[in-house]
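First to last, the protein sequences are chains G and D.
Counted the way my numbering counts, the first sequence spans residues 1 to 325.
Counted the way my numbering counts, the second sequence spans residues 1 to 130.
Keep in mind the hints are simulated off the structure, nothing from the lab.
For each residue, glycine too, the CB sits at the ideal point set by N, CA and C.
There may be inaccurate statements among the hints.
As the list claims (entries may be wrong) - Per the computed footprint, the stretches of chain G lying under chain D, defined by three or more beta-carbons under 8 Å from a beta-carbon of chain D, are:
id, region
1, 99-112
2, 292-306
Stated by the list, open to error - Each pair of labels, with its calculated beta carbon distance range:
id, chain 1, residue 1, chain 2, residue 2, range
3, D, D97, G, T120, 40 to 50 Å
4, D, Q51, G, G96, 48 to 58 Å
5, G, E6, D, D3, 55 to 65 Å
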Amino acid sequence: MDEVAESLDALARHRLGGTKISGLTRLTAGASQEIWRFNVIANDGETPLILRRAPGGIRVSETAIGPEIEAALIQAAHAAGVPVPIVRWVLTEEDGLGRGYVMSCVDGETLGGRIARGETFAHARTVLAGQCGAALAATHRIDPDAFPTLKRLTPLEFVTQYLDAYRATEWPRPVFDLAFRWLLDRCPAPPESPRLVHGDFRNGNIMVGEDGLRAVLDWELAHVADPMEDLGWICANSWRFGVEAKPVGGFGLREDLWAGYEAAGGVKVDPDRALFWEVFGSLRWGVMCSGMFTSFRTTDPVVERAVIARRTSETEIDLLRLLAA
Amino acid sequence: MQDHPHPSEIIAAVARFLKDEVASQTTGRLSFQARVAANALEMMTRQLDTQPAAEAAELTSLKAMLSMDGDLATLNAELARRLGAGEIDLTVPGVADHLWATTLAKLAVDQPTYWGYRAALNERSDKQEP
């Protein structure tokens, strides 16, 4: 922590218009990314900021786009009208903090259960689905050509990528095979105009205040694909936190999400296509959970990973309820 | 014959220790981790208590459905392959019931408090009412 504090002090002086920092706290212990909160002290007061970084030696996950592109994407999202933090500085080698970036600190809640059920967010829940639709419409306006390194994926390629990941686990899950068959039989044609999609837009990756949506976070899985993918993923069972009657993240209705999306300039929503991505969402999360077993057995044998691997069966029951009710 | 207490009893005692002594008398990350560890051990007691009967029933059901012999891993892989290839589907008698029974048995061990599991149990019992 001392090393990070020292480097941030220097960064505050040289790059952030301050004299030093205070209140350095580590917020998460992610496997590939660290998130820190600190204040920059300047003559005119203190400003809270967030450092997101992949320190030297820790590999950036293969599916993630890398912190520099992530920062550029957040800036492009801001320009497109998506509520996001303001990027203040993208780390360079001279900064001695690894790869990452510094951004403004947005106040609010990210814990999905509180957003779905907390009394504080009762009003927010009445407007949040529509705001999410508008934020996605703005996201889908970002020019994909400005991000040539992002993965381009047709629906079939995306499903096949997860089928391969499932097969690589070499552990039979008949419900997954049933679901992959269902998806492959209904796989939509590539969209006429692929869009830059967030890729992980769900309850848990949005910052919410009493007034509703404040910021869209975690852009590291962005890619260029079917825009309906983002509208289906946020409706997957796994993000409803027990509030089944509110399919959009446990806080809203699909109709409100779609209306917000269309009103903000998004293409007309195709409900069948959105349902396809919703079912794929449960399966995708299931494959992600089951992948925890691989890292548990090979690189990181900690209890938390074992327990997440055992949450795979949650998605199996979700899929059965969707396909075999 | 191994002596008693049974493994599930000893594991349950360790889980109680982690929850009542460690988690409650620590804070922050250590307290959280102790609770996660206790939950993992409780999962293991549920597995030790139910696995033999559940897997015997699963094996009998697989042999009948697939009309072939083999162990649990082989037959599950074959069921997965046939479902993935579309050689059998939910319209084949017994397939849906088998998937429901085996998945519910997994959840009873892994996540008995998961809301989707509770909802599925309610829906299944409603269906079986006359």
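- Please count how many residues of the region 99-112 of chain G have a CB within 8 Å of a CB from chain D and say whether that reaches 3. violated (count 0)
- Does the Cβ-Cβ separation between D97(D) and T120(G) fall within 40 to 50 Å? holds, 44 Å
- So the hint says 48 to 58 Å: do the beta-carbon atoms of Q51(D) and G96(G) match that? Holds, at about 52 Å.
- Message: Is 55 to 65 Å respected by the C-beta to C-beta distance linking E6(G) and D3(D)?
- Response: Given about 57 Å between the Cβ atoms, the range holds.
- Item | 8 Å C-beta criterion, at least three residues: is the region 292-306 of chain G covered by chain D | holds (count 3)
Going down the numbered hints, you'll see the structure goes against just number 1.
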